[in-house]
Amino acid sequence: MPTSKKLLEKSSNLKMNKYFQVAKNTWDETVSYRLNFVMWRIRVVLQIITLYFLWLSILPKDTTFLGYNQSLMLTYILGTSLLAAFVLSSRSYSVGDEINQGNLSNFLIKPINYFLYHFARDVGDKSMNIVFSIFELTILFLLLRPPIFIQTDPFFLFLFLISAILALLLYFFFNFLLGLVGFWSPEVWAPRFIFFIVITFFAGGLFPLDILPKSVFTVFQLLPFPYLLYFPLKIYLGQLPLFEIFKGLTVSFIWLILMYLLVKFIWNVGLKLYTAQGR
Amino acid sequence: MLKKYFKIWLLMTTCVSQIAFLSRFGAVLFIIGKFLRFGFFLLFLIILETQTKGIEGYNLWQVIFFFATFNLIDTLPQLFFREVYRFRSYVVSGQFDFFLTKPLSPLFRSLLGGSDILDLSMIFIAVGFIALSATRLEGITGLSIISYLLLIANALVIAMALHILVISVGVLTTEVDNTIMLYRDITQMGRIPVDVYREPLSFLITFVIPVGVMATFPAKALMGLLTLQFMMISFLISGILLAASLAFWKFSLKNYSSIST
Numbered sequence: 001m002p003t004s005k006k007l008l009e010k011s012s013n014l015k016m017n018k019y020f021q022v023a024k025n026t027w028d029e030t031v032s033y034r035l036n037f038v039m040w041r042i043r044v045v046l047q048i049i050t051l052y053f054l055w056l057s058i059l060p061k062d063t064t065f066l067g068y069n070q071s072l073m074l075t076y077i078l079g080t081s082l083l084a085a086f087v088l089s090s091r092s093y094s095v096g097d098e099i100n101q102g103n104l105s106n107f108l109i110k111p112i113n114y115f116l117y118h119f120a121r122d123v124g125d126k127s128m129n130i131v132f133s134i135f136e137l138t139i140l141f142l143l144l145r146p147p148i149f150i151q152t153d154p155f156f157l158f159l160f161l162i163s164a165i166l167a168l169l170l171y172f173f174f175n176f177l178l179g180l181v182g183f184w185s186p187e188v189w190a191p192r193f194i195f196f197i198v199i200t201f202f203a204g205g206l207f208p209l210d211i212l213p214k215s216v217f218t219v220f221q222l223l224p225f226p227y228l229l230y231f232p233l234k235i236y237l238g239q240l241p242l243f244e245i246f247k248g249l250t251v252s253f254i255w256l257i258l259m260y261l262l263v264k265f266i267w268n269v270g271l272k273l274y275t276a277q278g279r
Numbered sequence: 001m002l003k004k005y006f007k008i009w010l011l012m013t014t015c016v017s018q019i020a021f022l023s024r025f026g027a028v029l030f031i032i033g034k035f036l037r038f039g040f041f042l043l044f045l046i047i048l049e050t051q052t053k054g055i056e057g058y059n060l061w062q063v064i065f066f067f068a069t070f071n072l073i074d075t076l077p078q079l080f081f082r083e084v085y086r087f088r089s090y091v092v093s094g095q096f097d098f099f100l101t102k103p104l105s106p107l108f109r110s111l112l113g114g115s116d117i118l119d120l121s122m123i124f125i126a127v128g129f130i131a132l133s134a135t136r137l138e139g140i141t142g143l144s145i146i147s148y149l150l151l152i153a154n155a156l157v158i159a160m161a162l163h164i165l166v167i168s169v170g171v172l173t174t175e176v177d178n179t180i181m182l183y184r185d186i187t188q189m190g191r192i193p194v195d196v197y198r199e200p201l202s203f204l205i206t207f208v209i210p211v212g213v214m215a216t217f218p219a220k221a222l223m224g225l226l227t228l229q230f231m232m233i234s235f236l237i238s239g240i241l242l243a244a245s246l247a248f249w250k251f252s253l254k255n256y257s258s259i260s261t
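Heads up: the protein sequence lines correspond to chains A and B, in order.
By the numbering used here, the letter at position 99 of the first sequence is numbered 99, and the numbering carries on one by one without gaps.
By the numbering used here, the letter at position 64 of the second sequence is numbered 64, and the numbering carries on one by one without gaps.
By construction, these hints were calculated from the structure, which means they are not laboratory data.
The structure presented is a predicted model; accordingly, all values stated were derived computationally and were not measured.
Heads up, a few of these hints could be off.
[What the hints assert, rightly or not] Below are the BS3-like pairs computed for lysine-lysine, each with C-alpha atoms no more than 30 angstroms apart in a straight line:
id	chain 1	residue 1	chain 2	residue 2
1	B	Lys-254	B	Lys-7
2	B	Lys-53	B	Lys-254
3	A	Lys-18	A	Lys-272
4	B	Lys-53	A	Lys-214
5	A	Lys-24	A	Lys-264
6	A	Lys-61	B	Lys-102
[As the list claims (entries may be wrong)] From the structure, some residues in chain A lie toward chain B, with a derived Cβ separation under 8 angstroms:
id	residue
7	Ile-42
8	Leu-177
9	Glu-187
10	Ile-194
[To be verified] Anything over 10 angstroms on all C-beta distances counts as not near chain B; from chain A, calculated:
id	residue
11	Ile-49
12	Pro-111
13	Ile-254
14	Ile-266
Note that beta-carbon positions come from the ideal geometry of N, C-alpha and C, so glycine has one too.
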């Protein structure tokens, strides 16, 4: 007879295995549409090349720009590209459509946590994007030989990893929240379109945010967006004092808690309104 | 003939516009989003120009003029050829068969079957910034203005040719969405003058994938920085591309399997 402890362990393993399978299926799904995926990756590489050459032209060797020399700036640009593959790749954009088409009902009647299901899909998507980003950046590195900065201090690398994980979770809840608009409106893509544009600029993917005027930058630091790309990369570059790092991690964590509570609240309110319209 | 096609275009554009404004909330958000995208990148360019030695030696107003011209050339095809973004669903669902059986050019129907009125707002913004920055440029002559307008028209011909290539690929493979977005990403490289990019990339995006001819050459012509030789090459490139895209379109139609119906 299996003991209750063993049964509990087995049940827990099954649960984990379930979400692992979801992540794996997302990976397989991406591989199935190879042409789509290849086109998507070409687009990502083009975006990196555009920014890379722009900064290379603006910052020739032996020049500095507001505290950035060529090496630090190019590391920032290539680093944000790699980090974006980890933080900003997501599959939870389908939440809004699932609500609008009534497909959410399928999940509500299954023994599955809808949040974990989408998080598992995100993990599958992110792992695929990271693998390809590393591959592409290696090729770009071999072709362009950029003078990049390699952080060797394990302490900074550890803090960078912590901030990147916080960014990943924060972005997940942001994305999920936008999907919940579907409870109230069929127009789920327009808010996402604006969000994506705001993120491109405010997260620091185009340029390091500290080149903005100081007053503007101070306001930006209170918003959640800089903690998605800019802040982790600044930790990696070793350009922030310890106090600033811990302050940033605290702000990032507070935003994460707030977003989690907000998503939970909106989800509960939305579920009461949900009519499974479209089924 | 032209009158008939114009009437059809007007009718279809009216229908598509009514659909676009069915959700006014969404339409307003999309327009705001486009303004924000324009504004954010403009701000980025201003920061770069004011805090550095400049982009390839161009001054701030020249950079703004390049950017505004790019936006005009980027938005006009989106306005007129928006149907291309919907083309995949026509092929996959089999609706494309109906395009082929009607007494109307299937190419016209596939390219111009419903223009996107939401893009008009961006056209006004782009033209406004072109006019504003042009007043700050030196050395503009009547000839340079004519050259600019001719090269803008030339850029639209290139854009049309590339859109024809995209839908031709769609007819053969049903892949449209990523191809058109790839075209958009490549053209985004023209937001800044293509001189910025190093060789051989600069050559590739000027003459092979003619982003430079589309986005940078018109602005350079107005500033008097483009020789007659390069202007002639631009017209030659657009002519070759258009002929090639039309030939590829015919080839794709001949090989269309109508598998969805």
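Each hint, compared with the structure:
Of the supplied pair hints, the one linking Lys-254/B and Lys-7/B holds, its CA atoms being roughly 29 angstroms apart against a limit of 30 angstroms. Taken as a hint, the Lys-53/B and Lys-254/B pair is broken in the structure, with Cα atoms around 55 angstroms apart against an allowance of 30 angstroms. Restraint check for Lys-18/A and Lys-272/A: satisfied, since their Cα atoms lie roughly 27 angstroms apart, inside the 30 angstroms limit. About 21 angstroms separates the Cα atoms of Lys-53/B and Lys-214/A, which keeps this hinted pair within 30 angstroms; it holds.
Note on Lys-24/A and Lys-264/A: the hinted pairing holds, with a Cα-Cα distance of about 26 angstroms set against a maximum of 30 angstroms. Distance restraint check for Lys-61/A and Lys-102/B: the Cα-Cα separation of roughly 61 angstroms exceeds the 30 angstroms cut-off, and the hinted pair is therefore not satisfied. Hint on Ile-42/A holds. Least Cβ distance to chain B is approximately 6 angstroms, under the 8 angstroms limit. A least Cβ separation of about 16 angstroms between Leu-177/A and chain B goes past the 8 angstroms threshold, and the interface hint is therefore violated.
Because the smallest distance between the Cβ of Glu-187/A and any Cβ of chain B comes to about 4 angstroms, under 8 angstroms, the interface hint for this residue holds. The closest approach between the C-beta of Ile-194/A and any C-beta of chain B is roughly 4 angstroms, which is under the 8 angstroms cut-off, so the hint is satisfied. Separation of Ile-49/A from chain B is inadequate, the least Cβ-Cβ distance of about 7 angstroms not exceeding the 10 angstroms criterion. Look at Pro-111/A: its CB is around 35 angstroms from the nearest CB on chain B, clear of 10 angstroms, so calling it non-interface holds up.
Interface exclusion of Ile-254/A from chain B stands, the closest Cβ pair being 26 angstroms apart, more than 10 angstroms. The beta carbon of Ile-266/A sits about 18 angstroms from the closest Cβ of chain B, which is more than 10 angstroms, so the claim that it is off the interface holds.
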